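Based on the hints, put chain B in the right spot on chain A.
Quick mapping for you: the protein sequence lines, in order, are chains A and B. Each number in my numbering comes from the position in the first sequence (counting from 1) with 36 added on. Each number in my numbering comes from the position in the second sequence (counting from 1) with 4 added on.
Hints in this document: simulated from the structure, not taken from any laboratory. Treat the numbers as computed from the prediction; the structure is a model and nothing was measured. Treat each hint with caution, since some may be false.
Covered, in the sense of this in silico footprint (three residues per stretch, anywhere, with C-beta under 8 Å from a C-beta of chain B), are these stretches of chain A [as the list claims (entries may be wrong)]:
| id | region |
| --- | --- |
| 1 | 127–138 |
| 2 | 155–168 |
| 3 | 190–197 |
Pairs of lysine-lysine, BS3-like flavour, derived with a Cα cap of 30 Å [as the list claims (entries may be wrong)]:
| id | chain 1 | residue 1 | chain 2 | residue 2 |
| --- | --- | --- | --- | --- |
| 4 | B | K23 | A | K43 |
| 5 | A | K64 | A | K120 |
| 6 | A | K257 | A | K64 |
| 7 | A | K230 | B | K72 |
| 8 | A | K64 | B | K104 |
| 9 | B | K32 | A | K44 |
| 10 | A | K44 | B | K56 |
| 11 | B | K104 | B | K72 |
| 12 | A | K57 | B | K104 |
| 13 | A | K191 | B | K72 |
| 14 | A | K257 | A | K222 |
| 15 | A | K58 | A | K232 |
| 16 | B | K72 | A | K58 |
| 17 | A | K57 | B | K72 |
| 18 | B | K76 | A | K57 |
| 19 | B | K76 | A | K222 |
| 20 | A | K230 | A | K58 |
| 21 | A | K219 | B | K87 |
| 22 | A | K58 | B | K56 |
| 23 | A | K120 | A | K66 |
| 24 | B | K104 | A | K257 |
| 25 | B | K74 | A | K222 |
From the three backbone atoms N, C-alpha and C, an ideal C-beta is built for every residue, glycine too.
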Amino acid sequence: MSMRKSKKEVLVLEDILGSNKKIANSIKKKLEENGILAVNLLSAPGSGKTALLERIGLKLNENYRIGVIEGDVETERDAERIRKLGLPAWQITTHGACHLEARMLARVFDRIPADLDFLFIENVGNLVCPASFDLGEGLRFVLLSIPEGDDKPKKYPEAFITSQVLVLTKCDLLPYLTFDLDKVIKEALEINPKLKVFRTSAVTGEGTEELCTFLKLELEKRRIRNA
Amino acid sequence: MHELSIVADLFTIIEERAKQARASRVTKVRVMVGELSGVVPELFRSAFHSYKKGTIADRARLEMKIVKIKFKCQNCGREITAKNFRDESFSYSCPFCRSKDMELISGRDLYLERLEIETAGQ
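Next up, chain A with everything else stripped away, as it sits in the complex:
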């Protein structure tokens, strides 16, 4: 008897990023169980993610336990900057990948102490790709530095739509550059009206106190909600 081929259709309906989401959900669950607020920081390279973390990390460290996960394509440089301040940091090097995925986070996750209050996850510098990958974080920050220009929110909408907080960084440079602060805030709120906006400078410290207060309140809110 000869073999004959038959064609048929198979309905699948499976989420392509499902394996990432599954890991992200288990990370989220562990974070919630331990009352840890994880913050995923997204931005272009050089917009000041590490500098902001150095500032707010030290401030929060007075009363809270914090940890930092650093995502970069190569090198331990950022993790070393954080460790220099006496704060625990874990480096993930992606060796080429332009974003962090939940499974990469899972590799270092077992080393993270369960009694942390805040876990900051500094994503790979890139305003595009990291927006597509849930890491199980409680809050997502998008950072935009003044030198990058005031036309970014509508150019990179995914990052602004999927974040809860917009942190404008390097605001001490405003007097020297043409940057329309009102316009950028208006544009960001047009595509995501729920964004909370902070004006900051890691050099002068502007806005960092307010940002820490916001984080503390969010932590308390979540602990009450999950209790």
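Positioned in the frame of chain A, the structure of chain B alone reads:
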């Protein structure tokens, strides 16, 4: 350019489903791509065709269904399809009641919808 890592995940699902269905070959792959999924259809397509070599889907065609961004207005309850999301003029507000309290109900999707397979039958 993260499309290749997404395509790698897609092929894990394709291989698994093809095996379950006892397929000898996958001839068509149909995916649903939300406008807000962060995937660029053109890049996804080229990543797909370079990745498929040597897999069970090595001659498969790729069909992409683009899923529009949809909001539900929390104030008046209407569902709105965002036609001009990529336009400068896009504003996140309800065209009927002007409320900004809108919830995203579709557009972030990234699904493998269906496969067309060949089975070697008797």
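Do the hints match the structure? See the list:
1. 127–138: holds (count 4)
2. 155–168: The restraint on the region 155–168 of chain A holds, since 4 of its residues have a Cβ under 8 Å from chain B and three suffice.
3. 190–197: holds (count 4)
4. B:K23 - A:K43: It holds: about 15 Å lies between the C-alpha atoms, which stays within 30 Å.
5. A:K64 - A:K120: holds (28 Å)
6. A:K257 - A:K64: The given pair, whose Cα atoms are some 16 Å apart, holds under the 30 Å limit.
7. A:K230 - B:K72: holds (21 Å)
8. A:K64 - B:K104: The hint holds at about 29 Å.
9. B:K32 - A:K44: holds (10 Å)
10. A:K44 - B:K56: Holds. K44 (chain A) to K56 (chain B) sits at ~20 Å (cutoff 30 Å).
11. B:K104 - B:K72: holds (19 Å)
12. A:K57 - B:K104: holds (29 Å)
13. A:K191 - B:K72: The given pair, whose Cα atoms are some 18 Å apart, holds under the 30 Å limit.
14. A:K257 - A:K222: Answer holds: K257 (chain A) to K222 (chain A) is near 28 Å, not above 30 Å.
15. A:K58 - A:K232: holds (28 Å)
16. B:K72 - A:K58: holds (25 Å)
17. A:K57 - B:K72: With a Cα-Cα distance of about 22 Å, the restraint between K57 (chain A) and K72 (chain B) holds, given a limit of 30 Å.
18. B:K76 - A:K57: holds (24 Å)
19. B:K76 - A:K222: holds (22 Å)
20. A:K230 - A:K58: holds (26 Å)
21. A:K219 - B:K87: Answer holds: K219 (chain A) to K87 (chain B) is near 23 Å, not above 30 Å.
22. A:K58 - B:K56: Between K58 (chain A) and K56 (chain B) the Cα gap is close to 25 Å, so the pair holds against 30 Å.
23. A:K120 - A:K66: The hint holds at about 28 Å.
24. B:K104 - A:K257: holds (24 Å)
25. B:K74 - A:K222: Roughly 22 Å between the alpha carbons, so the hint for K74 (chain B) and K222 (chain A) holds.
Of the numbered hints given earlier, the model fails none.
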